[in-house]
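This is what each chain is made of:
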Amino acid sequence: MSILQVHDVSVDLPTEDGVVHAVQHVSFDVDKGEVFGIVGESGSGKSVLTQAITGLMPGAEVHGTAVFDGVDLLKATPRQLRSMRGNKIGMIFQDPLSSLHPYFTIGSQIVEVIRTHEPKTSRDDAKARAIEMLEMVGIKNADKRFGDYPHQFSGGMRQRVMIAMALVLRPEIIIADEPTTALDVTIQKQVLDVLRDMSDKLGTTVVMISHDLTLLGSFADRAMVMYAGHQLEMGPVSALFSRPAHPYTLGLLHSSPDAENDRKRLTPIEGRMPSLLDIPVGCVFAPRCPNATDRCGLTAPPRRTLSDGVTVSCWRRADPTPAEAKPEIDEFVLQRARDRAEEQAAAKDAAANGTEEWPLDKNAPIALVEDLHLTYNAGTRKAVEVLKGIDLTVNRGDSIGLVGESGCGKTTLARVIAGLLPATSGKVMLLGQDNSTVSRAEWREQRRHVQLVFQDPYGSLNPRRRVGSIIGEPIRIQHHWSGNRLKKRVQELMELVGLNPEHYNRYPGEFSGGQRQRIGIARALALDPELIIFDEPVSALDVSIQAQILNLIQDLQDAFGYTYLFISHDLAVVRHVCSRVVVIENGRIVERGDTERIYDAPQAPFTKRLLAASIRAVPPESQETAHRTLVKEVVA
Amino acid sequence: MSEATVRNTTSADAKTSLGSVGAASNKPKPARKIEQLSTGQATWRRLRHDKASMIALGFIVFLVLMAVFAPVLASITGHDPAQQYREIGLTATGLPTGPGKAFWFGADQLGRDELVRIAYGARVSLLVGVVASMCGSLIAVIIGVLAGYFGGWVDNVLSRITDFVMTIPFLLCALALVSVFGASIRMCLFVVIFFSWAVTGRVIRAQVQVLKKKEFVEAARSLGASDASIIVKDILPNLTETIIVYTTQGIPSCIVFEASLSFLGMGIVPPTPSWGGMLSEAAGNSIYMVAPWLVFFPGLFLLMTTLSFNILGDGLRDALDPKAGRRMLAKRRRKKGAAAVAAVTPVAAQIAAANDDIAAATADSAPLASSMTSASATSSTSSTTSSTTTKEGD
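Chains as they are written, first to last, in the working numbering: chain Y, 1 to 636; chain X, 1 to 394.
No lab work stands behind these hints: they were computed from the structure.
Hints are not guaranteed to be accurate.
Here are the computed distance ranges between Cβ atoms for each label pair [unchecked claim]: (1) Y:Trp443 - X:Pro237: 23 to 29 Å; (2) Y:Arg338 - X:Pro237: 37 to 43 Å; (3) X:Ile55 - Y:Glu112: 44 to 50 Å; (4) X:Lys51 - Y:Gly483: 43 to 49 Å; (5) X:Lys213 - Y:Gln80: 55 to 61 Å; (6) Y:Tyr376 - X:Phe62: 42 to 48 Å.
The list that follows gives simulated cross-link-like pairs (lysine-lysine, DSS-like), each with its CA atoms no further than 30 Å apart [as the list claims (entries may be wrong)]: (7) X:Lys212 - Y:Lys382; (8) X:Lys212 - Y:Lys487; (9) Y:Lys388 - Y:Lys75.
Where is the CB? At the ideal position from N, CA and C, for every residue including glycine.
The following block holds chain Y by itself, in its conformation from the complex (with noise of 0.2 Å):
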């Protein structure tokens, strides 16, 4: 029996740029018990469905009908629909941290929540209900935990007391919006536990919003699939897996780095989602369809249902075929490789004769760390200890992972070994030179050798400055040159990392995240490095587009020769493409070997929890699906 039925819902929203078409008539019905799944990348239209369809969007137009225990949530008044959230709609957001009121305790913001909706309960029962739904979230110790405040928990404990929040009183429905995507991946799987352990207990139906369609695969029972407002394909989560019946599924399957387990190319979906201001002609992912035919792009696609539950809307009947991946890296790429590498023969020779170019010794390792430890504030009572004594060589042409949990220090320790914070004790050695000792004009020197790609695609290009003179800084503050030869070589940086060189003049609030990163590499690359640090590179960009991004790395590693060091949380990234896998935990190193060494006979109980958290159940695939037929089609 279904307990939410939505039905043809769109909306709207109004902006100064014009009308965004969040959504586009999409239609579910989630049954009474089960856990339904939203999955989109950014911008797909899923938060602002399930917004829309709880009255959180007073701004924006919404059409359709969203009937839930027989009434529709869409005309519903805003005091009924204020009685139904907490009451009957649980709602657990993404930030634990700004979703509790940090001024007050948990206790006392539990049962608020439950004599704002029972008036008549005393302050007693409140507080025995409140305490009693902490248990059973997980929550040790939870009444003498009932007077501590959100600042005194971990980001997993937070997420536990929201849950225990939107659960206490009892709502028939729960929905979560990507309620583990701001916490650690051991954590993450701990809250989906809690979650999921409820829901069977208490008989709560959960609808979870979530970018990554891996994860909902072992939580969900059924899913949607979102992209650019439309609902492309939904059902059981095994068909989904097993057989997915649209090409944009596939592709997000096939672009997951969980999805391959050696050092092959990722097949990424290439182009990227379209503005949301036009209403598309024909099928909205067309444009970035392997198998799209020229009847995709002029008429909206039919909604077909088929016997094992899935409905698609796709005009292919045929199940979808991969996109080929390009098997080879890029002539360009290729071909400025070879150029460099006859530069560097050449430069050889003139130091063959007499002239001898820093670093003196090429033979030693790029960096070279040895018993490292880094305190902030070091010498006050708010010292904090980041780093506890860290070893680790850097060879040239090694790609090592550094993988830890946020906190751990892995980006304190990139920031040193760039030079740009100083080691409080310890020796960090970079092309033979020991940090520590550099004068200023050495400094300056060295930023020639090491270059960082930073995680924030938006934080680390200045918008006011465009992007040829964001890409030509580097070679402008070491080798001045400008005019024309500057600009010659932005522009083949750019082509190198996938970008048009004719966007020279562009600033950076022009392109997408994806884009933008390129940008960061390429300001990278510029200067010919000896070794590139990356900063968590993908993980603030969406999958298909993350895929581009870490395809394009490992191809410039395998024609460049670069050295990595490339700081992941993500171990199926760092799988990807690192060679050797440093695993951090609180400042020590807890274990260091071959990739595939540690992910095959993981040692350290922390890399095990680790692999553990990060490897996902895949549903098997279901007799109905193996065999299944068209049922109805649906002409838009």
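Given chain Y's structure and the hints, the job is docking chain X onto it.
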């Protein structure tokens, strides 16, 4: 910024066209181009929709024209600003004549043409207002950037100086200075500048402190850029909006400073006409009791000028603010009659999430937007800055 159709590049990202921040023209055609507006164009477009700002701008343009063409005005009326027309400007009893054919705004107690004097007074007011405000901003930028960027003892010294300037009682000090060094337009400018930079300086310092921690500054540092290069190329361009807004809003207070000084007889030296001086003369001997136009016209111009600059400054701040999209939404809703502005933020957040292009534009501004899209980690300059700004500005 012209059109922004992204051509198919060697790989990836750009297969579908339609790039950019996307200020859309309202053509319904599906294949339309979404055009990228430069910051200037976008600001002007927003400003144009703000009626109050446009009226204010209109008045300022009018005032500037009046100041520039003051001699022309003088030749039309046939009256020199300093010339005393005792025969026609004063009645037989020696009282000034009111507004009429000969003297449009009336004559003052010495028989001078009030209109012509106001036009010439506008020159002084604008000169002092604009020049002082710009010089004040220049000092503010220098001190604010140095204090914010270098921190440590530099910040301590400069911030204490700022505090010191803010604590000095303005009029008392101004009067003392002028009485020691003598009144002149240069002295007047100096005093006004000296007292006008402190608040702006603090705001800029706070903003630089935020900018300094941004990743692009660290990126520049990791490339080996010098401090000077970072300040000039990375920090200053991101301060443009603040500087424009604070300079515009500083103009009226400078004009009022000047008028106050002149009113007290310590500013512009007679017979050079200045609005403050004219008001002061009108107050002398209570002549305004019989000739109210002597207070009315200079007072009106002073009021209109300060009001216009303030409104324009407000409008500019709104127009330059990348969060303006959010505001538009809220306004529209109010028109429709639906209340509850409570959830405006999630709306904006969702819009940001709704479209990669738009996200690119708003990411700088909406912390919620970034945390709700999976593209997390985007911290926010402008919102953080503006919060700091309020703190500091108070």
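### Task
Compare the structure with the hints numbered earlier in the document and write down the numbers of the violated ones, lowest to highest.
5, 6, 9
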